[in-house]
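Peer 1: Sequence:
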Amino acid sequence: MPSRNPSRTELANAVRALSMDAVQKAKSGHPGAPMGMADIAEVLWNDYLKHNPANPNWADRDRFVLSNGHGSMLLYSLLHLSGYDLPMEELKNFRQLHSKTPGHPEYGYAPGVETTTGPLGQGITNAVGMALAEKVLAAQFNRPGYELIDHHTYVFMGDGCLMEGISHEACSLAGTLGLGKLIAFYDDNGISIDGEVQGWFTDDTPKRFESYGWHVIPGVDGHDPAAIKAAIEEARAETEKPTIICCKTVIGFGSPNKQGREECHGAPLGEDEIALVRETINWPHAPFEIPQEIYEGWSARAKGEAQEEEWKDIFADYREEFPELAAEFERRMSGELPADFLVKADEYIKECQDKAEKIASRKASQNTLNAFGPLLPEFLGGSADLAGSNLTIWSGSKGVTAGDASGNYIYYGVREFGMSAIMNGIALHGGFVPYGATFLMFMEYARNAVRMAALMKQRVIFVYTHDSIGLGEDGPTHQPVEQLTALRSTPNLHTWRPADTTESAVSWKMAVARKHGPSALIFSRQGLAPQSRDEGQVKAIEKGGYILADCEGTPDAIIIATGSEVELAMAARELLSDKKIRVVSMPCVEAFMEQDESYRESVLPSSVRARVAVEAGHKDYWYKFVGFDGAIVGMESFGESAPGGELMKHFGFTAENVAETVKKLLG
6 MPSRNPSRTE
16 LANAVRALSM
26 DAVQKAKSGH
36 PGAPMGMADI
46 AEVLWNDYLK
56 HNPANPNWAD
66 RDRFVLSNGH
76 GSMLLYSLLH
86 LSGYDLPMEE
96 LKNFRQLHSK
106 TPGHPEYGYA
116 PGVETTTGPL
126 GQGITNAVGM
136 ALAEKVLAAQ
146 FNRPGYELID
156 HHTYVFMGDG
166 CLMEGISHEA
176 CSLAGTLGLG
186 KLIAFYDDNG
196 ISIDGEVQGW
206 FTDDTPKRFE
216 SYGWHVIPGV
226 DGHDPAAIKA
236 AIEEARAETE
246 KPTIICCKTV
256 IGFGSPNKQG
266 REECHGAPLG
276 EDEIALVRET
286 INWPHAPFEI
296 PQEIYEGWSA
306 RAKGEAQEEE
316 WKDIFADYRE
326 EFPELAAEFE
336 RRMSGELPAD
346 FLVKADEYIK
356 ECQDKAEKIA
366 SRKASQNTLN
376 AFGPLLPEFL
386 GGSADLAGSN
396 LTIWSGSKGV
406 TAGDASGNYI
416 YYGVREFGMS
426 AIMNGIALHG
436 GFVPYGATFL
446 MFMEYARNAV
456 RMAALMKQRV
466 IFVYTHDSIG
476 LGEDGPTHQP
486 VEQLTALRST
496 PNLHTWRPAD
506 TTESAVSWKM
516 AVARKHGPSA
526 LIFSRQGLAP
536 QSRDEGQVKA
546 IEKGGYILAD
556 CEGTPDAIII
566 ATGSEVELAM
576 AARELLSDKK
586 IRVVSMPCVE
596 AFMEQDESYR
606 ESVLPSSVRA
616 RVAVEAGHKD
626 YWYKFVGFDG
636 AIVGMESFGE
646 SAPGGELMKH
656 FGFTAENVAE
666 TVKKLLG
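Residue numbering for the sequence shown follows this note's numbering, starting at 6 and increasing by one per position.
For the record, the hints were derived by calculation from the structure and aren't laboratory data. The beta carbon of each residue, even a glycine, is placed where N, CA and C say it ideally should be. Among the hints, erroneous ones may be present.
Pairwise CB distance ranges, derived in the manner of DEER restraints [as the list claims (entries may be wrong)]: (1) W205 - S611: 34 to 42 Å; (2) T14 - L102: 31 to 39 Å; (3) E239 - H173: 21 to 29 Å; (4) E310 - G113: 21 to 29 Å; (5) T181 - E665: 53 to 61 Å; (6) H173 - G435: 25 to 33 Å; (7) S216 - G195: 17 to 25 Å.
Use the sequences and the hints to build the structure in full.
Peer 2: See below:
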């Protein structure tokens with residue numbers, strides 16, 4: 006006997022039940038948003054979302070982002086019900102150690118989770134990056150008759166996402182770039198943690214998004230499947246602008262005593278209330294019990310496999326007509342670099358060493374981009390309105406616009422935080438290696454997005470120029486002091502501060518080659534003297550720290566330096582000609598610490614306790630290398646406004662002071 010077809014309400018109620026039961030079992034979580042958005046999710050996932058649960062990495066799938074990530078049980082319920090490899094046991098282990106269902110969606114844990122969300126506003130911003138990547142990739146690879154890349158990015162977001170300033174940065178740019186395949190659902194339930202948002206959030210959201218250039222669909226009943234479906238149809242028909250669908254919902258829908266109130270936002274409903282919910286929504290099943298007909302109503306496996314097979318047929322024809330493009334597309338989506346990149350990068354690095362030119366490392370960075378850019382069509386660069394200062398535009402750069410997305414450079418405008426989270430979305434989408442730049446000081450605006458790139462292990466390259474008090478007259482508001490410490494303290498982030506053109510080229514090579522984590526490249530405004538190296542030393546730069554200059558036998562003292570201070574260390578060594586001095590250049594502490602113990606010991610032998618670190622940043626970080634017996638020439642205060650050379654002398658960054666510091670240490 007064939008099973009009956011469940012109603013839309015029954016399908017949505019399965020999401021409500023799983024969400025409230027999992028939160029209750031975990032004794033923590035957020036049931037309100039999943040229960041309130043279940044009807045919207047049911048229509049979107051069952052009628053529109055193009056995805057294959059059997060292959061979560063299908064290149065042309067739609068992307069779904071839960072920006073209000075605290076409602077994670079909504080996403081986990083959808084993945085489980087639609088057929089992803091997320092068994093019921095994982096839902097029962099919600100928020101437990103080593104489960105695939107952590108408290109907020111974490112990229113890399115459960116299949117089908119497209120990005121880590123929770124820090125509000127970053128999910129919608131990641132989604133802007135995904136939609137941007139889709140548009141650029143389509144412009145680069147699609148050909149007449151072959152819509153190889155043709156998918157949507159759907160986002161759920163709440164009041165909190167819209168209150169966060171990053172949502173303005175991202176959504177403003179999305180409108181400017183005409184991301185017509187980006188569709189956002191605003192869960193307008195009027196409630197946040199502190200209660201009714203009218204006390205602190207009275208924006209006219211539809212007018213706000215109209216001003217960005219979005220298509221706005223206001224006043225949609227988020228519990229009426231017909232109204233939701235009509236809104237999605239309208240949104241999909243608008244191809245020139247991103248769309249926001251403003252859905253009026255009731256948080257905790259179905260809970261007689263807690264719906265519409267903050268009590269159901271971030272706490273379990275309680276056993277008694279859950280029993281009432283079951284009666285109210287007519288869900289007679291036990292916790293975590295889903296009838297077979299509900300599973301059948303939700304399953305997306307057959308439909309998804311058919312959609313992917315149809316796409317594979319298109320790709321097979323595409324490959325016949327455009328074999329080189331097809332191969333390039335597969336390479337880029339796999340994340341593999343061009344076969345000759347590393348060899349050609351090494352050739353360029355040798356040229357840099359042979360040329361031995363004194364230039365600012367930001368200029369050395371641009372020169373490297375000119376060398377590497379033609380080798381890396383996956384580069385998608387940008388700057389937060391500082392291209393002329395960051396020097397991130399290279400000879401082959403072409404701006405991406407709403408009308409022509411075939412370029413490889415994004416003019417992000419003054420949007421440091423937005424740029425960084427958009428780059429995360431681009432990397433998550435696949436097909437690109439994004440890099441974006443600002444002054445090192447303004448990494449502070451973007452810090453949480455940098456952290457998210459490291460948490461998600463994404464190949465994102467953050468370029469930071471004007472790296473110290475050496476930038477001079479702009480003064481302490483623009484002079485970074487503590488930022489290098491913050492970057493180096495971030496797990497899974499590699500921070501490179503090169504000393505000259507050769508180290509700059511190596512830092513770019515290593516950042517591009519690093520597949521499972523982001524890199525921060527720190528460049529100077531002022532010119533840096535080239536350093537002499539043999540072939541072995543050039544190769545050793547990749548290890549993050551190496552002996553740049555040495556002495557006979559065991560050193561009396563070791564000077565460790567980075568960036569612009571390496572030449573000071575070398576000059577100080579000359580002033581200490583009566584001492585046995587080793588100079589260690591350490592462009593990337595993290596790479597150095599990843600080397601085996603024997604290598605680290607060969608560079609910084611534990612027998613040599615007289616160590617001096619020199620860096621025009623906060624000194625505290627370097628105690629881990631010099632110990633309490635060592636000394637540090639560094640910053641303990643903010644900078645001042647004056648020419649850079651004067652500031653360096655004022656704060657003790659001279660060869661004479663470094664030499665004197667070594668002498669005092671040696672007694």
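Peer 1: Against this structure, judge whether each hint is valid.
Peer 2: Going through the hints against the structure:
1. W205 - S611: 34 to 42 Å: For W205 and S611 the Cβ distance comes to about 56 Å; the hint is violated.
2. T14 - L102: 31 to 39 Å: Given range 31 to 39 Å: holds, Cβ gap about 36 Å.
3. E239 - H173: 21 to 29 Å: holds, 24 Å
4. E310 - G113: 21 to 29 Å: At 24 Å between Cβs, range holds.
5. T181 - E665: 53 to 61 Å: Holds, since T181 and E665 (Cβ atoms, about 55 Å apart) stay within the stated range.
6. H173 - G435: 25 to 33 Å: holds, 27 Å
7. S216 - G195: 17 to 25 Å: Taking Cβ atoms as reference, S216 and G195 lie about 22 Å apart, which means the hint holds.
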